[in-house]
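*Asks:* Listed below, chain by chain, are the residues.
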Amino acid sequence: MADVALHDVTKTYGSTVALDNVTMAVPDGAFVVLLGPTGAGKTTTLRLISGLEAPDAGEIYIDGRPVKGLTPAQRDVAMVFQQYSLYPHMTVRENLAFPLKSPILRTPGTEVKRKVQDVAEVLHIAHKLDNKATNLSGGEMQRVSIGRALVRDPAIYLMDEPLSSLDAKLRADLRVELKRIHANLGATLLYVTHDQVEAMTMATHVGVLDEGRLVQFGTPREIYEDPVSLYVAGRLGLPRINALPADLFAGAPSGARTIGLRPEHIAQGEGKRSDVIRIEHLGDHTRLHLVLDGHPIVTLTDPGSDLEPGDTVAIQPRNALYFDAAGARIA
Amino acid sequence: MSSFSVTEPSIQQKWIAGTLVIGYALITLLPLVWILATGFKSSPDSIAYPPKVTFQPSLEGYVNLFTTQMRQTPQYLAEHPPGTWYEEIVHNKGMVIAGPSRFGERFMNSVIIGFGSTFLSVFLGTLAAYAFSRYRIPLKDDLLFFILSTRMMPPIAVAIPIFLMFRSLGLSDTHLGMILLYTAVNLSLSVWLLKGFIDEIPREYEEAALIDGYTRFQAFYKVVLPQAATGIASTAIFCLIFSWNEYAFAVLLTSGTAQTAPPFIPTIIGVGGQDWPAVAAGATLFLVPVMVFTILLRKHLLRGITFGAVRK
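Residue numbers (this note's numbering), protein chains in the order written: chain A, 1 to 331; chain B, 1001 to 1312.
Source of the hints: derived by calculation from the structure; they are not laboratory data. Heads up, the beta-carbon is just placed ideally off N, CA and C, and yes, glycines get one too. Some hints could be false.
Under 10 angstroms between C-beta atoms, here's a sample of chain B residues computed to sit facing chain A [said to hold, decoys possible]: (1) Q1069; (2) R1071; (3) P1074; (4) H1175; (5) E1207; (6) A1208; (7) L1210; (8) D1212; (9) G1213; (10) P1226.
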């Protein structure tokens, strides 16, 4: 296991800047989730660390050593691709054994067999080992793809939205499984996702990328509770943070343009009156869609609420976040 | 899995399709059947008018193809009775076998040159196509166009310069010379065909193999090559068909040692009258290797082994 460090890493593709002066330290044993919309540079970060691409500027260190010029094999990284990319001419067993049989590892036959069997059982694909890789469902392919990383014992695991194509139940199972593997192996993981639950439940650190720049790096709670900008605040939280004009409520600090209200920042019972538009009963909680002076607001209320569309609710902010005109946090 | 919908054709559609395929096959196969039949006819039957559809089969054509013969006196023939079935066929015409003909040798030349140049074209073509497909090469499009442009005129248009070049390089009438020439002609086809096939193999496979601890070449060898098998097989068939059938350069550049079968077969006509059965026998045997090669590789001609493993 190893730590990873990026120093002022820049990568451009033609005229597009994919990564812009990114500096990031991933401690040994960390589970880092990279968040950001498509094109923010998440996948590029993984490809640069893996050695599939070389940075235009900056240095990457794995386990303290600069890895410039090293091939992916020499860097000892395992990667799960967003596209499952199983070798279609091989069986599931051969796919899983492929990294173990590489000239770098040269694992003895009996050990290959044991490791493949172990991983197959963890991922519930043991009964499909002799299937052709093309003869699997999407979820099974993705599990084999994850398995191909897990059979090894690399310095770091890189995972590019590995659970995105799975159904909800399998996703939940594998989330727990990945967390367990992380805890058991003490592995360092870099993980790209769009999924807020994955980020909050698995990560020890979250890095938020915006157009190639790393805008905040910290624990999931820091990112959620103490975002540096409106952009970061919008990356986590479900329902999303409500961004409203700062002068909607009294008490905004000077220079504030936007007030950011997460559901728990909205106190009900006193304050300005808003109209209930829609109520969504989700079982364990209830979503409340409100309109205040023409601005839609989404918040939560208790499951037993008997509010109905057309009712009015008085609301006021509580520990709200304030942002300036550029979106930077000011309070 | 597939992006187009497939419905089972109706019985009627199957009948129409079947009839069309059989009809087309009959038209294209008829000349081949005629050649095959002529090879087993006797000389008079082969030129009979109206043409004979049923006839007494004879191996005379094949015997004539593989042997050279001499006329002998009845006395000599009586003193030397035939020992084998083929000697008997010749004996009955009042002749004896003087020795083997050059057909076997010419046929082997065709095999060496045809398969040699096919192997070389596909081998070099695969490497070049992989490079064109995967690496950033300056002037890539221009280079590819240049490679294709070598096929824009008929190869025979450059026959004279090639003839002179071969003579000064000592490549005239050598196996190596013919292999190089056919490889040069086939290479443009092979690079273009194979580039298309390799372009379709997603890069993710090689990247996965690189991450899995393999070198670039090992990734190419273990991951790309097996998936390009379809393309390689069909390219090989096209290359073999060209170099196997090539006539003009073979006439011009070979005579003694490296002559291939195509220029040799017509010369059979001149040996003792118009021996159509022998010509037909030569043509029949000449068809066999390409046919066998195509049949052996035909399962690779069916596309589709990589479909479905990469999410598009």
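*Asks:* Hint by hint, say whether it matches the structure.
*Replies:* Hints, verified against the model:
At a threshold of 10 angstroms, the smallest CB-CB gap from Q1069/B to chain A is about 55 angstroms, leaving the interface hint violated. The beta carbon of R1071/B is not positioned within 10 angstroms of any beta carbon in chain A (closest approach about 62 angstroms), and the interface hint is therefore violated. Hint status for P1074/B relative to chain A: violated, with the closest Cβ pair at about 69 angstroms, above 10 angstroms. Using the Cβ-Cβ criterion of 10 angstroms, the hint placing H1175/B at the interface with chain A is not satisfied: the shortest such distance is roughly 35 angstroms.
For the restraint placing E1207/B at the interface with chain A, the shortest Cβ-Cβ distance is roughly 5 angstroms, inside the 10 angstroms limit, so the hint holds. The criterion of a C-beta within 10 angstroms of any C-beta in chain A is met by A1208/B, whose closest approach is roughly 5 angstroms, and the hint holds. Taken as an interface hint, L1210/B checks out: its beta carbon lies about 4 angstroms from the nearest beta carbon of chain A, inside 10 angstroms. Below 10 angstroms, beta-carbon pairs count as interface contacts, and D1212/B has one with chain A at about 4 angstroms; its hint therefore holds.
The beta carbon of G1213/B is positioned within 10 angstroms of a beta carbon in chain A (closest approach about 3 angstroms), and the interface hint is therefore held. Checking P1226/B against chain A by beta carbon gives a least distance of about 4 angstroms; that is within 10 angstroms, so the hint holds.
Checked against the numbered hints listed earlier, the structure breaks hints 1, 2, 3, 4; every other hint is satisfied.
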